[in-house]
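I would like the entire structure built from these sequences, with the hints used as guidance.
Just so you know, the protein sequences line up as chains A and R, in that order. Throughout the first sequence, residue numbering follows the numbering used here, covering 1 to 316 in sequence. Throughout the second sequence, residue numbering follows the numbering used here, covering 317 to 586 in sequence.
Heads up, a few of these hints could be off.
Claimed, not checked - Simulated crosslink set (DSBU-like; lysine-lysine; CA at most 30 Å straight-line): (1) R:Lys530 x R:Lys515; (2) A:Lys227 x A:Lys11; (3) R:Lys391 x A:Lys189; (4) A:Lys231 x A:Lys272; (5) A:Lys123 x A:Lys11; (6) R:Lys471 x A:Lys63; (7) R:Lys513 x R:Lys329; (8) R:Lys329 x R:Lys529; (9) R:Lys464 x A:Lys63; (10) A:Lys100 x A:Lys261; (11) R:Lys529 x A:Lys63; (12) R:Lys579 x A:Lys189; (13) R:Lys391 x R:Lys579; (14) R:Lys479 x R:Lys391; (15) R:Lys489 x R:Lys471; (16) R:Lys462 x A:Lys63; (17) A:Lys96 x A:Lys189; (18) A:Lys189 x A:Lys219; (19) A:Lys24 x A:Lys219; (20) R:Lys579 x A:Lys123; (21) R:Lys489 x R:Lys462; (22) R:Lys479 x A:Lys63; (23) A:Lys11 x A:Lys41; (24) A:Lys272 x A:Lys123; (25) A:Lys123 x A:Lys212; (26) A:Lys261 x A:Lys41; (27) R:Lys479 x R:Lys462; (28) R:Lys579 x A:Lys63; (29) R:Lys565 x A:Lys123.
Hints listed in this document are in silico derivations from the structure and should not be mistaken for laboratory results.
Spelled out, the chains give:
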Amino acid sequence: MTSLCNSEEEKLAHFMHRIETGDKIEADDWMPEEYRLTLIKLISMHGISEIMGALPEKEWVPKAPSLSRKLGIMAKVQDEMGHGQLLLRVTEDLLKPYGKNRGDLMQDLFNGDLKFHNVFHMKTTTWADAGIIGWLVDGAAIITQTNMLGASYGPYGRALQRICAEEVFHAQHGESIIMALAEGTNNQKAMIQESINYWWESLLMFFGPASKETTGSSKQDLTIKYKIRTKTNEEFRQIFFDKYIPRILSLGLTIPDSTIKFDADSKIWTYKQPDWNEFKKIIKNEGPRSQERLNLRRTSYENNAWVRDALSAVVN
Amino acid sequence: MSMTENSMSAEYKEAITSLLFQLADDDFLYAFRGSEWLGLAPHIEEDVASSSISQDSMGHAAMFYQLLEDLGAGKADDLAHLRSAQDRSNSILIERVNGEGYYMETPNYDWAYQVVRSYFYTQAKRVKMDSLCESSYRPIAEVAIKVKMELYYHKLHWETWFKQLMSSTDVAKKKMNDAITLVMNDFGDVFSFGNLKQKIESNNLLDSEEEMKKRWLASIGPVFDALQMEVPAIPNHPVMNGRNGEHTKDLDEALLTLSEVYKLDPVAVW
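Okay, structure coming up:
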């Protein structure tokens, strides 16, 4: 037993040395279980969020207000489904030792074990929401995802290369919608302000709590330890403020937080904390549209069970 | 014979305009029905593939509406979003709902119907595009060449689904056969040119209705033979003819959704 123990320790030391020196871990390489579980949790949540994220945007696909906007948002939502597919494939490889597959991930989603991003639990009300999702939600996602391009887990880093390249187009697509509205009629301008007011807290929550004390759990320490990412949740949020607050203000819009201010010495934004209790409810699938979206996914999954059976019968 | 806008007779222009509305409205509605499926397809790979097809089809609609704009029929976006149901020329088949329920809530859509409608429609569209490549109206021939390149993949996609589900479980076969019945009930106006049949055919815009029906039957024949199924008959007289502005309430509801934001302010820039 001792020798086996030593061997596990050696494997771990070798593994840590590899990631410390910038080597990439591949799907079939030995990895500590904590690393595997951290990756599964992170990437399955990222993947399922792409898929659940298609649902609020899909609401605006047919309604998009011109032929070119229809084409733009169709392409965008298709990309998001593609990201979901890519990430679930990465997760499936990690799940192999546990004998789990994509069907299990869907069941985990339906029973609440697999979470999806807080923003995709929110309702959409106007076309401006489709713009804000592209501009600021995808803008926020670019900040966190580009930080993981060099992730120690090779398959995730490579998937993110493609995802981030497409997300840049999505942010431009969203920005273009918002610019058109910002230069438009008073009603169009009011539509964006209402949308920013609605999404602001969700955007702050998107990066997660600053520390695990806020909500009782956070994986940020583990993801940093294993060189999956390098920055903390709060650092991401500060980058988001740096990048987007000037842009929002330049469009003649206001930030729905009268206390927010930038300290020139520390270069830190101080701001009103979002309601983290609300965040906890949202990620427990108690958000404004959580149950409706899950129900839509669940119903379509059940309605199409005969198709999956039929395809398995063809293969067999 | 080749026509340019300058040398066009009033009759020729009337015929090409009518035909373009049929093609544009078909693809606009077909793309819409496909996009209602977004996020709900049987698996994620299919969601990626079929949303690509919907996107291509919306692109085709946009090209046809643009040709109408070039002919002075109005702004492409207005043509797509502001015309009422009785002014639309799409086939009844394309306006039918995907199944019960509204796409914003929790609909019960039928994948068998999606496969059969898409496969039969795509084959019909191919027959038309092949013929339009030789059209006397050069701008439409140029668009048809572009559309054909993408249709090759659409046909491959839906034909694969059709064959697989037709040679699978009893449940799948039953659902597919039910879907074939539903689709063929509405197939009577797919190749109809409506009231302008004579003008469209005599101006060499594309082949006759009868000729295209024969080609459609020939195009699906080998697939049906391989599955040991009888090729379905195209109804001689449509119950309703969408080409003449006869439509169901499904189209009214679809148009409300498609134009909801545009109609908030049609002169605003969106």
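Verification of the hints:
At most 30 Å may separate the alpha-carbon atoms for a hinted pair to count; lysine 530 of chain R and lysine 515 of chain R meet this at roughly 21 Å. Taking the CA atoms of lysine 227 of chain A and lysine 11 of chain A, the gap is about 17 Å. The hint holds against a cut of 30 Å. A hinted pair counts as satisfied when its Cα atoms are at most 30 Å apart, and lysine 391 of chain R with lysine 189 of chain A qualifies at roughly 25 Å. A hinted pair counts as satisfied when its Cα atoms are at most 30 Å apart, and lysine 231 of chain A with lysine 272 of chain A qualifies at roughly 21 Å.
Our distance criterion of 30 Å between C-alpha atoms is broken by lysine 123 of chain A and lysine 11 of chain A, whose separation comes to about 47 Å. With a CA separation close to 27 Å, the supplied pair lysine 471 of chain R and lysine 63 of chain A stays within the 30 Å bound. Between lysine 513 of chain R and lysine 329 of chain R the alpha-carbon distance is near 14 Å, which keeps this suggested pair within the 30 Å criterion. About 25 Å separates the Cα atoms of lysine 329 of chain R and lysine 529 of chain R, which keeps this hinted pair within 30 Å; it holds.
The suggested pairing of lysine 464 of chain R with lysine 63 of chain A holds, with an alpha-carbon distance near 27 Å, which does not exceed 30 Å. A distance of roughly 47 Å separates the Cα atoms of lysine 100 of chain A and lysine 261 of chain A; the hinted pair therefore is violated under the 30 Å criterion. For the suggested pair lysine 529 of chain R and lysine 63 of chain A, the alpha carbons sit about 34 Å apart, so the restraint of at most 30 Å is broken. Pair hint lysine 579 of chain R plus lysine 189 of chain A holds up; C-alpha atoms about 17 Å apart against a cutoff of 30 Å.
For the proposed pair lysine 391 of chain R and lysine 579 of chain R, the alpha carbon gap of about 14 Å is at most 30 Å, so the pair holds. For the suggested pair lysine 479 of chain R and lysine 391 of chain R, the alpha carbons sit about 41 Å apart, so the restraint of at most 30 Å is broken. Using a Cα cut-off of 30 Å, the hinted pair lysine 489 of chain R and lysine 471 of chain R holds, with the two alpha carbons roughly 20 Å apart. About 26 Å separates the Cα atoms of lysine 462 of chain R and lysine 63 of chain A, which keeps this hinted pair within 30 Å; it holds.
At roughly 50 Å between alpha-carbon atoms, lysine 96 of chain A and lysine 189 of chain A are farther apart than 30 Å, so this suggested pair is violated. Of the pairs offered as hints, the one joining lysine 189 of chain A and lysine 219 of chain A is violated, with about 39 Å between alpha carbons and a cut-off of 30 Å exceeded. Restraint check for lysine 24 of chain A and lysine 219 of chain A: the C-alpha separation of about 21 Å stays at or below 30 Å, so the hint holds. Between lysine 579 of chain R and lysine 123 of chain A the CA atoms are separated by roughly 22 Å; this keeps the pair inside 30 Å, and the hint holds.
Between lysine 489 of chain R and lysine 462 of chain R the alpha-carbon distance is near 35 Å, which puts this suggested pair outside the 30 Å criterion. Distance restraint check for lysine 479 of chain R and lysine 63 of chain A: the Cα-Cα separation of roughly 34 Å exceeds the 30 Å cut-off, and the hinted pair is therefore not satisfied. Proposed proximity of lysine 11 of chain A and lysine 41 of chain A is supported: the alpha carbons are some 23 Å apart, at most 30 Å. Of the supplied pair hints, the one linking lysine 272 of chain A and lysine 123 of chain A holds, its CA atoms being roughly 22 Å apart against a limit of 30 Å.
For the given pair, lysine 123 of chain A sits about 27 Å from lysine 212 of chain A by alpha-carbon distance, which is consistent with the 30 Å threshold. Proposed proximity of lysine 261 of chain A and lysine 41 of chain A is contradicted: the alpha carbons are some 35 Å apart, above 30 Å. Our distance criterion of 30 Å between C-alpha atoms is met by lysine 479 of chain R and lysine 462 of chain R, whose separation comes to about 27 Å. The straight-line distance between the Cα atoms of lysine 579 of chain R and lysine 63 of chain A is roughly 10 Å, inside the 30 Å bound, and the hint therefore holds.
Note on lysine 565 of chain R and lysine 123 of chain A: the hinted pairing holds, with a Cα-Cα distance of about 28 Å set against a maximum of 30 Å.
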